[in-house]
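Visitor: Could you put the whole structure together from the sequences, leaning on the hints where they help?
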Amino acid sequence: MIEVRNLNKEFDGKPVLKEIDATFKKGVVNMIIGRSGSGKTVLLKCIVGLIQPTSGQILYDGKNFIGMKGRDVRRLRRDIGMLFQGSALFDSKTVLENVMFPLDMFSRKNKRERRKRAEFCLERVNLEHAANLYPSEISGGMMKRVAIARAISLNPKYLFCDEPNSGLDPKTAQLIDELIHDITMDFSMTTIVVSHDMNSVINIGDSVIFLNEGIKEWEGSKSEVMDADNEKLNDFVFASDLFKKIKVAEDIISEDGKG
Amino acid sequence: MQKQNHMNFIRSIESVGEYASLMSRVLSVPDRMREFVKEFFKGVYSLGVNSIWIVIIISFFIGAVIVLQIALNVDSPMLPRFTVGVVSREIILLEFSSTIMCLILSGKVGSNVASEIGTMRITEQIDALEIMGVNSANYLIFPKVASFVAFMPVLVIFSMFMGLFGGYIICLVLGTPSVETYIYGIQAFFRESFIWYSIVKSMLFGFIIASVAAYFGYNAKGGALEVGIASTNSVVINSILILVTDLVFTQLAMG
Chain A
13 MIEVRNLNKE FDGKPVLKEI DATFKKGVVN MIIGRSGSGK TVLLKCIVGL
63 IQPTSGQILY DGKNFIGMKG RDVRRLRRDI GMLFQGSALF DSKTVLENVM
113 FPLDMFSRKN KRERRKRAEF CLERVNLEHA ANLYPSEISG GMMKRVAIAR
163 AISLNPKYLF CDEPNSGLDP KTAQLIDELI HDITMDFSMT TIVVSHDMNS
213 VINIGDSVIF LNEGIKEWEG SKSEVMDADN EKLNDFVFAS DLFKKIKVAE
263 DIISEDGKG
Chain B
467 MQKQNHMNFI RSIESVGEYA SLMSRVLSVP DRMREFVKEF FKGVYSLGVN
517 SIWIVIIISF FIGAVIVLQI ALNVDSPMLP RFTVGVVSRE IILLEFSSTI
567 MCLILSGKVG SNVASEIGTM RITEQIDALE IMGVNSANYL IFPKVASFVA
617 FMPVLVIFSM FMGLFGGYII CLVLGTPSVE TYIYGIQAFF RESFIWYSIV
667 KSMLFGFIIA SVAAYFGYNA KGGALEVGIA STNSVVINSI LILVTDLVFT
717 QLAMG
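Top to bottom, those sequences are chains A and B.
The first sequence begins at 13 in this note's numbering and counts up by one.
The second sequence begins at 467 in this note's numbering and counts up by one.
Any given hint might turn out to be false.
[Unchecked claim] Restricting the straight-line Cα-Cα distance to at most 25 Å, the calculated cross-link-like pairs of lysine-lysine (DSS-like) are:
id: 1; chain 1: B; residue 1: Lys-504; chain 2: A; residue 2: Lys-123
id: 2; chain 1: A; residue 1: Lys-26; chain 2: B; residue 2: Lys-687
id: 3; chain 1: A; residue 1: Lys-105; chain 2: B; residue 2: Lys-504
id: 4; chain 1: A; residue 1: Lys-57; chain 2: B; residue 2: Lys-504
id: 5; chain 1: A; residue 1: Lys-37; chain 2: A; residue 2: Lys-57
id: 6; chain 1: A; residue 1: Lys-123; chain 2: A; residue 2: Lys-81
id: 7; chain 1: A; residue 1: Lys-234; chain 2: A; residue 2: Lys-38
id: 8; chain 1: A; residue 1: Lys-38; chain 2: A; residue 2: Lys-26
id: 9; chain 1: B; residue 1: Lys-508; chain 2: A; residue 2: Lys-105
id: 10; chain 1: A; residue 1: Lys-244; chain 2: A; residue 2: Lys-26
id: 11; chain 1: B; residue 1: Lys-469; chain 2: A; residue 2: Lys-26
id: 12; chain 1: A; residue 1: Lys-121; chain 2: B; residue 2: Lys-504
id: 13; chain 1: B; residue 1: Lys-469; chain 2: A; residue 2: Lys-105
id: 14; chain 1: A; residue 1: Lys-121; chain 2: A; residue 2: Lys-105
id: 15; chain 1: A; residue 1: Lys-257; chain 2: A; residue 2: Lys-57
id: 16; chain 1: A; residue 1: Lys-121; chain 2: B; residue 2: Lys-469
id: 17; chain 1: A; residue 1: Lys-183; chain 2: A; residue 2: Lys-234
id: 18; chain 1: A; residue 1: Lys-128; chain 2: A; residue 2: Lys-183
id: 19; chain 1: B; residue 1: Lys-504; chain 2: A; residue 2: Lys-128
If you are wondering where the hints come from, they were derived from the structure by calculation, not from laboratory data.
Guide: This is how it looks when you write it as structure tokens:
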């Protein structure tokens, strides 16, 4: 479980995150949604320690990450897997080498065992056939899957995904969503997904936080998102015609039920 | 205007601090020695071995031109003809093969290192390393710096040999001075310490080239344009630092 307490972040005196309090549970997909520029990625980067917050606490299973010393930070980070928006695969390494990299750096297993584990992770994302290809030779969707395989290679406790569906077609996006969901369940991880894609929220979001201009505007489950009594959240959710139509259909069914 | 100059001065001081802080992270014990050795040999190949051809070509022609210029311009009955060989050797050994060659390599190797690391920064590959708990500065920069510094003597010796060989070919073609006189000249009053001086100086320059370029790449922000700017800045700053260091080092070692 990850807890964020009273988190603030300013850039050059301009507040980007304001007094964020949130709890991200284990074994479920926790989603952070919001418009572009609402502070979602900054919040995620604060949680993983890529950006230093101005004030507040970030607790990983009760241990405060802020103010942790270098060696402890690095030890904690070995329990973290992250899927970046642009995949962040190492260009000079093959797909298999990318997945093996965390194992090469931190695992005490011998080379054969490390390779076996990397092959297992690639099989888990259905990419065993691409092991010897370079990132430049595979598609965007495949890159995301390789990045997921690399993120889970050390069997992390926490998985972070920054816009996992950006730049993907709807079918591939759904595949990536399902993969994130299944992996979270299989390995009982604490997963946080940053997204502005409402399809993802409906597909896999177990708990949802809505950020608006750096403030946590709303929190609830995915079933509550559509019926939330929050104007800003409704503006965001029903910006899509599809969701407007779903809402209208739901209201009609509900009226019919009453009648 | 005065405020702008003041800000630029503050920024320069900050950059020196950032460079020192980065080097303190770079020059630490690698997380995995096996990975360091792998990256070290990759660096030897990409930064060192891949630079041999440019060193050979440039050294050959510049060596030939140095001998040609001296032969044409130092033409006095007061000076023996073997002076051409002596002066050419001293220029090549003391300055050309270390300083001028390093200025050229700061363009090739410096821009290579800055753009490679800069691209890794803007594509979040460095963030990915940090998230994994890897000391990204040590993992990416230390093998590059170490391999380039270690390979520098090889490049310098190639450069010295090819520079002197270029002069030999000029003497062979033009016949003035004769090949025998030139060979006598490059052996006359020879001091072995000049070779060591040149090698040590070039290793120092090698450290400057790789580490300063890595600093610019590591701190790149934005997109492809900023990577290009980082690469250009690394070449400019490296050139200035090499020339200033050359002056100081020469005074300290030879003065």
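Visitor: For each hint, tell me whether it holds in the structure or not.
Guide: Hints versus structure:
The straight-line distance between the Cα atoms of B/Lys-504 and A/Lys-123 is roughly 14 Å, inside the 25 Å bound, and the hint therefore holds. A distance of roughly 20 Å separates the Cα atoms of A/Lys-26 and B/Lys-687; the hinted pair therefore holds under the 25 Å criterion. For the given pair, A/Lys-105 sits about 12 Å from B/Lys-504 by alpha-carbon distance, which is consistent with the 25 Å threshold. At roughly 31 Å between alpha-carbon atoms, A/Lys-57 and B/Lys-504 are farther apart than 25 Å, so this suggested pair is violated.
Under the criterion of a C-alpha separation no larger than 25 Å, the hint pairing A/Lys-37 with A/Lys-57 is consistent with the structure, at around 18 Å. Using a Cα cut-off of 25 Å, the hinted pair A/Lys-123 and A/Lys-81 is violated, with the two alpha carbons roughly 31 Å apart. For the hint linking A/Lys-234 to A/Lys-38, the alpha-carbon distance of about 17 Å falls within 25 Å, and the restraint holds. In summary, the hint linking A/Lys-38 to A/Lys-26 is not supported, as the alpha carbons are separated by about 33 Å, beyond the 25 Å threshold.
The suggested pairing of B/Lys-508 with A/Lys-105 holds, with an alpha-carbon distance near 12 Å, which does not exceed 25 Å. With a C-alpha separation of about 22 Å, the suggested pair A/Lys-244 and A/Lys-26 falls inside the 25 Å cut-off, and the hint holds. As the CA atoms of B/Lys-469 and A/Lys-26 are separated by approximately 23 Å, the hinted pair is consistent with the 25 Å bound. The hinted pair formed by A/Lys-121 and B/Lys-504 meets the criterion: a straight-line CA distance of about 18 Å does not exceed 25 Å.
Only pairs whose Cα atoms come within 25 Å are accepted, and B/Lys-469 paired with A/Lys-105 is rejected, the gap being roughly 47 Å. The straight-line distance between the Cα atoms of A/Lys-121 and A/Lys-105 is roughly 20 Å, inside the 25 Å bound, and the hint therefore holds. At roughly 35 Å between alpha-carbon atoms, A/Lys-257 and A/Lys-57 are farther apart than 25 Å, so this suggested pair is violated. The suggested pairing of A/Lys-121 with B/Lys-469 is violated, with an alpha-carbon distance near 58 Å, which exceeds 25 Å.
A distance of roughly 21 Å separates the Cα atoms of A/Lys-183 and A/Lys-234; the hinted pair therefore holds under the 25 Å criterion. Using a Cα cut-off of 25 Å, the hinted pair A/Lys-128 and A/Lys-183 is violated, with the two alpha carbons roughly 30 Å apart. Simply put, B/Lys-504 and A/Lys-128 have alpha-carbon atoms about 21 Å apart, close enough for the 25 Å limit, and the pair holds.
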